[in-house]
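Asks: Work the whole structure out from these sequences, hints included.
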Amino acid sequence: MARDLDRGRPDRDRPDRVLVARVPDWSVLAAGYDRSEPVLVVRANRVLAASPAARSVGVTVGLRRREAQRRCPEAVVVATDPDRDARAFEPLVGALAALTPAVEVTRPGTVALATRGPSRYHGGDEALGEQVVELLAPLLPRPAPVRVGVADGTFAATLASRPGPPERALGPGDVVDRPDDPGPGQSPVRVVAPGASLPLLAHWPVTEAAAHLDTPEADAAADVLGRLGLRTLGALAGVPAGDVLARFGPDGALLHRLARGLDPRPLAARRPAPERAVGTELDPPVERVDTLAFRAVGLASDLHQRLAADGLVCLRLGIEVETEHGEVRRRSWRHEGGLSAAAVADRARWQLDGWLNGPSVDRPTAGITRLLLDPEEVTAARGRQLGFWGGETRLDEGAARALARVAALLGADAVAVPTLGGGRGPGDRVEAVPAGLVDLVGDRPPAGPGAEGPWPGRLPPPSPALVFAEPPEVDLRAADGAPVGVDGRGQVSAPPAHLGREPVVGWAGPWPAEERWWDPDRARRRARVQVVLADGTAHLLALEHGRWHREGTYD
Amino acid sequence: MTFGSGAAAVREGRLATLGERARPLTLAEQRVLPVLSALAPLLPGGALARGTSVAVAGPGATSLALGLAAAASAAGSWTAVVGVGDLGVAAAAEAGLALERTVLVATPPPERWGTVVAAVAETVELVLARPPARVRVADTRRLAAHLRTRGGVLVRLPGPGTWPEAPDVTLRALAPDWKGAVAAERLDGAGRLRARRLVVEASGRRRAARPTRVELWLPGADGAPAPVVPVPVGSAPTVPAPASAPAPAPAPAVARGPAPAGWAEAG
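So the protein sequences, as listed, match chains H and F. Each residue of the first sequence is one higher than the one before, starting from 1 at the first, in my numbering. Each residue of the second sequence is one higher than the one before, starting from 556 at the first, in my numbering.
These aren't lab readings, by the way, just hints derived from the structure by calculation. Just so you know, even glycine gets a beta-carbon here, dropped at the ideal spot from N, CA and C. You can trust all of the hints, since none of them are fake.
Cβ-to-Cβ under 10 angstroms is the rule here; a few derived chain H residues that face chain F: (1) Val415; (2) Leu459; (3) Pro460; (4) Pro462; (5) Val492; (6) Ala494; (7) Pro495; (8) Val504; (9) Asp535; (10) Tyr554.
Quick partial rundown of chain H residues pointing at chain F, CB under 7 angstroms, derived from the structure: (11) Pro418; (12) Pro461; (13) Gly509; (14) Asp555.
Replies: Here it is, written out as structure tokens:
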């Protein structure tokens, strides 16, 4: 039924021919490692990418770092660095720009170009693809294959550049991991004939389309579709378009269009008026990336606000600089899900870093005098639906960025998120993890492992509102002036009467806590008491090695 | 008028609800963050007005600050605690703070304090901050402007310094009375701190100008603030058996006056 609707207008919905060139495992190469070495690229303790050598022993993307290291103990762990990836990729993009000016970077490691003109010039898609491979191969920092796919639209072309398609339908748990290296006699270029995308797409999981759009909404829609049994693009394409739109809204409709090999946004995406571009003159000329990036952040939020005021979102961003010597450099970045202000600023920083610091042949010869951010393609923003149960709060991407700024001011450890773990003392239970290591926007469990216990000797609530990192030593004495002690049976020598000079009016305890008695180096023996003073304040005291310390105050 | 008046009342009620929902305006008293019902009588409008600052003082100031943040935090707001390195995170969790939406910021150096707190206030709706030795007027003004535009709430904790400008509301804890400890003369400390009865006095500017006093359990039996419920005359206060007291002996009769909410179930 869906296909009947489309029969009358074959070209209106069919996307333009696109060539996608992909260097597999780019972040591994950019980090300076060979694909044959076991390498893990991690972010926030999750594996973001792994070299083929690491994948061959069972490491998958998304694994916890510790688990990945268990499976592949000899692996080198590298922190992710989008700047580095983008900087190293810039020379490749520069080389392709010699072939055709319409080069779009999707993400470092993947680049797309419209083939209409260049294909005719170079004698067909196949020949153009081979030309691209020949052009890129010598520029790679380490030996790696370059895979090229030519098909209708970026999505199909991206999948065509991947090994496959899978012979059978893939479910959500299946991992597509075939060697990216073309076999002997196999061409690195795969051309899918115009209008023949559907059989290619059919066996890929719906999550691939969501990954292509790269928005949380698309991920959520793909997740729901998967749980309803529509796991592959082929299955999704078989559902009438109207039903998908009615039931899953615009996110489902976008996935459905991708699944049918159509342009996800026909007619909606448009070239905006050139006045949309925001730019700034730089006087004196700037040669430092951080200064430029700082200006770019301001421009990015300006651009985002202007577009948002008209209900638009940017799909393709042009970044242009002009130097003192009159050189003009321009590069396009694309994001199918729409670029947020932070994403625009990131792309601008990566690009500027690539131009100024990369080993690029077209590195500007003088300081930058003009910086321009030009939205080359925009579409209607659909707005964001806030989470139904307070799922999405104000700490969005931009807020996480502001916290990162605070961390930059004070040091990485200064901004932390607490979790309650196991332990007996009130201070032992807290684990403060630096915010930079945690995905603040995503879901996190409120309590760590072992929080529930049992922890014999732990004081029940209420807990002290102030817990001192370095408990001050205090003087706890009985009525006769002798220091209060606690014997081996957990009894006090005499009831406490004075804390320093303050008279004690009430007390409770002691709670002996013997920790790690099996380990002579780390064993601790403590006894805690609570005291209430005449002024109504209450404190938690701990006795260790015959000295009392004030661990906390019930403020 | 008797005929059908019930149905008319129902309809009117529905219309009122509908009108409430469809109303496009956001009134000043609707720009608020929720607070626990126990603390609501202390604040003008019964909630934390966005863009304002609240100071807490007296013995129990930290618990009061945590109690103020609890409801909004549970409802989805983020909380940042700036410069309180000795915050009892367990107490914060017991008070009702959602730890997964809480950020701890270390004490900034004095010259950067203003910048850091302003940056945090730009992001997070609830900021609990302890002032450094000297707070500049310019910093507090900038912070107040951030709070107004971003709709956040600042809770001022007592600290080494003082704030140059008065807060909108000041909550002062008075007359703390801990329940659960045994008298100092007894050799067996068979008890534990269970709850604290406090009088909290609210004073402030404008709508909060008239001082209000409320009696509270802060913290209550489970760590969260609870209102003091008046006991009916004639019924003796019940002393609950310790449900999970670590000490072997039963708790002595020390609790005088009404028990905090939750004790009856525990016993």
